[in-house]
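Q: If you read the sequences in order, they're chains A and B.
Last residue of the first sequence: 1151 in our numbering, with the numbers rising by one and none dropped.
Last residue of the second sequence: 407 in our numbering, with the numbers rising by one and none dropped.
Just to be clear, a hint being listed does not mean it is correct.
[Stated by the list, open to error] Okay, derived cross-link-like pairs now, DMTMM-like style, lysine to aspartate or glutamate, Cα gap no bigger than 20 Å in a straight line:
no.: 1; chain 1: B; residue 1: 107; chain 2: A; residue 2: 1128
no.: 2; chain 1: B; residue 1: 192; chain 2: A; residue 2: 1092
no.: 3; chain 1: A; residue 1: 1115; chain 2: B; residue 2: 389
no.: 4; chain 1: B; residue 1: 335; chain 2: A; residue 2: 1134
no.: 5; chain 1: B; residue 1: 322; chain 2: A; residue 2: 1143
no.: 6; chain 1: B; residue 1: 322; chain 2: B; residue 2: 203
no.: 7; chain 1: B; residue 1: 192; chain 2: A; residue 2: 1109
no.: 8; chain 1: B; residue 1: 119; chain 2: A; residue 2: 1128
no.: 9; chain 1: B; residue 1: 322; chain 2: A; residue 2: 1128
no.: 10; chain 1: B; residue 1: 169; chain 2: B; residue 2: 127
no.: 11; chain 1: B; residue 1: 107; chain 2: A; residue 2: 1091
no.: 12; chain 1: B; residue 1: 235; chain 2: B; residue 2: 351
no.: 13; chain 1: A; residue 1: 1141; chain 2: A; residue 2: 1091
no.: 14; chain 1: B; residue 1: 107; chain 2: A; residue 2: 1134
no.: 15; chain 1: A; residue 1: 1105; chain 2: B; residue 2: 111
no.: 16; chain 1: B; residue 1: 212; chain 2: B; residue 2: 351
no.: 17; chain 1: A; residue 1: 1108; chain 2: B; residue 2: 215
no.: 18; chain 1: A; residue 1: 1115; chain 2: B; residue 2: 351
no.: 19; chain 1: B; residue 1: 119; chain 2: A; residue 2: 1143
no.: 20; chain 1: A; residue 1: 1096; chain 2: B; residue 2: 330
no.: 21; chain 1: A; residue 1: 1108; chain 2: B; residue 2: 351
no.: 22; chain 1: A; residue 1: 1108; chain 2: B; residue 2: 344
no.: 23; chain 1: B; residue 1: 253; chain 2: B; residue 2: 203
no.: 24; chain 1: B; residue 1: 119; chain 2: A; residue 2: 1134
no.: 25; chain 1: B; residue 1: 107; chain 2: A; residue 2: 1143
no.: 26; chain 1: B; residue 1: 354; chain 2: A; residue 2: 1109
no.: 27; chain 1: B; residue 1: 335; chain 2: A; residue 2: 1092
no.: 28; chain 1: B; residue 1: 322; chain 2: A; residue 2: 1092
[What the hints assert, rightly or not] Just some of the chain A residues that point at chain B, by a computed CB distance under 7 Å:
no.: 29; residue: 1091
no.: 30; residue: 1093
no.: 31; residue: 1122
no.: 32; residue: 1133
no.: 33; residue: 1137
no.: 34; residue: 1146
no.: 35; residue: 1149
Source of the hints: derived by calculation from the structure; they are not laboratory data.
Where is the CB? At the ideal position from N, CA and C, for every residue including glycine.
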Amino acid sequence: MNIIIVDERTNKTKTVAFNGKTVKDVLQTLKINQETVLVVRNNEVLTSNENLNDKDKIELLSVISGG
Amino acid sequence: MNCIHCSEKAVIELQHGALCKNHFLSHFEDRVFTTINRYKMLGPDDLICVATSGGKDSLTVLYLTQKYIKKHKYKNAAVFALAVDEGIENYREKTLQDLTKFCTEHNVPLTIVKSKDTFNKTLDETYQTITEKKNKKPCHVCGVWRRYLLNKTAKEMGATKIVTGHNLDDEAQAIMMNIFKANTSLAGRLGPVSGIKENEHFTSRVKPLYLCPEKEVRLYALLKGFQVHFAECPYSKEGYRHHIQEMLNNFEEQYKGTKQGIVRSFLAILPLLKEAQKEEKIINTCTLCGEATSKEICNACAMKEELMT
Ligand code: SF4
Ligand SMILES: [Zn+2]
Ligand SMILES: [Zn+2]
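Bound-form chain A, shown alone:
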């Protein structure tokens, strides 16, 4: 399925294709450490085992402040 990812740090949107099901799977595909982001869909914070659907738009909020 395809997921639309918005990265808070760059404010850029990209579409990724992946074979998994959950938030955890998509972070693994993107090689993003779970400790470093919050995942938000439609203003709702998602836990790692939440299922994603095709064409979902998720936002990655950076946990680490850059300074």
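Take the given structure of chain A and dock chain B with the ligands to it, following the hints.
A: Just chain B with the ligands now, with coordinates in the frame of chain A:
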């Protein structure tokens, strides 16, 4: 996944189970207030200076310090915010904007001091000297400046406590950095309460978010609707801390509880470290600026001289 206390949808999974928004918010606040109580961080007559940058940690700690005082009806206590502007273009002005907005909305007096006024240059302006001529890291200089200005300004403003937004991740990183570098005088700045209480030149520094993981602080700030734009210091990747942070996050992902473990081990030996250092530290005043130091000239003044030559 649902909350372990109610059937609402969970926003986070913690070691003892998942929590919904409301249960997470009260869990987080409880932990902060318990930390304040356990380490006697704030008293009814304190004039509290909250060291702020505009990031999620400082807004959260500022908000909860205010909330704590109201909750305990500390009528004689007061809170103000203090920020240091190091002069880092494309970064600090953004976080200070968020901070100014927050302070206006929450009725907190805010003071911003510029490093340049004391050290003659902004961090940007002295960057080349720091890295090329002196072979130092910008974060090192930045940290010395910031600590100096916070301590000095807080004291001038009559503060009896300095509250900082250091979280569990910050502390775990700092502990590991000190161990890796064999900096054994590490007890000085670490721990939930630091500063030498008996010394008139030091205002005690307290860290109410000491036991809060960074991810939870970010979540709290988000759920409370605090405006924190993502802004990254252009120098942040140059520091040693950045590598330690990556290492600890990789470990944490694989072995839950790593950061907690580091901080708890440290807390267990902290009383011994403090005891051992009591005798060593003789406190002088800096011959150039009059601030407290264990040497003849304080770190900040020594660095100022070094960067001028
Ligand atoms: S990353 Fe380094 S230079 Fe940038 S604000 Fe933090 S301590 Fe200062
Ligand atoms: Zn609940
Ligand atoms: Zn000095």
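Q: So, for every hint listed, does it hold in this structure?
A: To see whether the hints hold, each was checked on the structure:
| no. | hint | in the structure |
| --- | --- | --- |
| 1 | B/107 to A/1128 | holds (10 Å) |
| 2 | B/192 to A/1092 | holds (15 Å) |
| 3 | A/1115 to B/389 | violated (47 Å) |
| 4 | B/335 to A/1134 | violated (32 Å) |
| 5 | B/322 to A/1143 | holds (18 Å) |
| 6 | B/322 to B/203 | holds (13 Å) |
| 7 | B/192 to A/1109 | violated (34 Å) |
| 8 | B/119 to A/1128 | holds (10 Å) |
| 9 | B/322 to A/1128 | holds (13 Å) |
| 10 | B/169 to B/127 | holds (12 Å) |
| 11 | B/107 to A/1091 | violated (24 Å) |
| 12 | B/235 to B/351 | violated (29 Å) |
| 13 | A/1141 to A/1091 | holds (11 Å) |
| 14 | B/107 to A/1134 | holds (10 Å) |
| 15 | A/1105 to B/111 | holds (18 Å) |
| 16 | B/212 to B/351 | violated (39 Å) |
| 17 | A/1108 to B/215 | violated (48 Å) |
| 18 | A/1115 to B/351 | holds (12 Å) |
| 19 | B/119 to A/1143 | holds (18 Å) |
| 20 | A/1096 to B/330 | holds (16 Å) |
| 21 | A/1108 to B/351 | holds (11 Å) |
| 22 | A/1108 to B/344 | holds (19 Å) |
| 23 | B/253 to B/203 | violated (26 Å) |
| 24 | B/119 to A/1134 | holds (16 Å) |
| 25 | B/107 to A/1143 | holds (18 Å) |
| 26 | B/354 to A/1109 | holds (18 Å) |
| 27 | B/335 to A/1092 | holds (18 Å) |
| 28 | B/322 to A/1092 | holds (18 Å) |
| 29 | 1091 | violated (9 Å) |
| 30 | 1093 | holds (5 Å) |
| 31 | 1122 | holds (6 Å) |
| 32 | 1133 | holds (6 Å) |
| 33 | 1137 | violated (16 Å) |
| 34 | 1146 | holds (5 Å) |
| 35 | 1149 | holds (4 Å) |
Of the hints listed earlier, those the structure fails to meet are numbers 3, 4, 7, 11, 12, 16, 17, 23, 29 and 33, in rising order.
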